[in-house]
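Work the whole structure out from these sequences, hints included.
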Amino acid sequence: IAGITQAPTSQILAAGRRMTLRCTQDMRHNAMYWYRQDLGLGLRLIHYSNTAGTTGKGEVPDGYSVSRANTDDFPLTLASAVPSQTSVYFCASSEEVYGYNEQFFGPGTRLTVL
Amino acid sequence: AQTVTQSQPEMSVQEAETVTLSCTYDTSESDYYLFWYKQPPSRQMILVIRQEAYKQQNATENRFSVNFQKAAKSFSLKISDSQLGDAAMYFCACEGGSQGNLIFGKGTKLSVKP
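Those sequence lines, one after another, are chains P and B. Residue 1245 is where the first sequence ends in our numbering, and the numbering goes up by one at each step. Residue 150 is where the second sequence ends in our numbering, and the numbering goes up by one at each step.
To be clear, the hints were calculated from the coordinates, so they are not data collected in a lab. Since this is a predicted model, take the numbers as computed values, not measurements. Misleading hints may appear alongside valid ones.
What the hints assert, rightly or not - Not close to chain P: a few residues of chain B, all C-beta gaps over 10 angstroms, as computed:
1) 58
2) 80
3) 93
4) 103
5) 109
Unchecked claim - Now the in silico label distances, taken between C-beta atoms and shown as ranges:
6) 82(B) <-> 1142(P): 17 to 27 angstroms
7) 1182(P) <-> 65(B): 20 to 30 angstroms
8) 145(B) <-> 1146(P): 26 to 36 angstroms
9) 78(B) <-> 1142(P): 38 to 48 angstroms
10) 65(B) <-> 1187(P): 10 to 20 angstroms
As the list claims (entries may be wrong) - Below, in silico cross-link-like pairs of lysine-lysine (DSS-like), each with a Cα-Cα straight-line distance of 30 angstroms or less:
11) 114(B) <-> 149(B)
12) 91(B) <-> 106(B)
13) 1188(P) <-> 109(B)
14) 142(B) <-> 114(B)
15) 142(B) <-> 1188(P)
Using N, Cα and C, we set each Cβ at its ideal position, and we do this for glycine too.
Below, the structure written as structure tokens:
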């Protein structure tokens, strides 16, 4: 079934630890995004990638890094987790960057940093 | 900066009745897309309906329709014949310009009473 997968589904992490959230899509979409969802704040963009080999910063990039080595994978890394990074993280993809760019979302990763 | 505002944190509707969720946005783009996403308790983000700004005709998808007022930058969602399965968080979103991401509102939690 075509779509986006994320791993893990949920994770409890000690502050200061390094963590990589995985995201893989099989739709051959050019653009991929990482959002975080916090209660009362909606979804906010962390990082994005318009095509393999390129990445950019979104609204809330501090403390996060990404890479886009190929079309399908877009991992998000927390180098040293802090409690304020407790959130639900969504990976999304769209075929195009501009114009009609309906975004398809993964199931999300619930991350708790203690 | 582009912004999306959902002024109703929570709404309630009786089963089989009609409810309208409000959304206003601000963008400097002349052509753009607007979206409503549904997020049920499963956490999955599901596209409900989309609207192309250059089209004056309001989009309709079965029981879901929008009232798009471009001059007023308003994009409300009407749900007719509400069903228990419509209970969810609803997010309004607008294209975010050069990054291609979506700018989301903070969401409206819809409850459906039997």
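Check each numbered hint from earlier against the structure, then list the numbers of those it violates in ascending order.
When the structure is compared with the hints, numbers 2 and 9 turn out to be violated.
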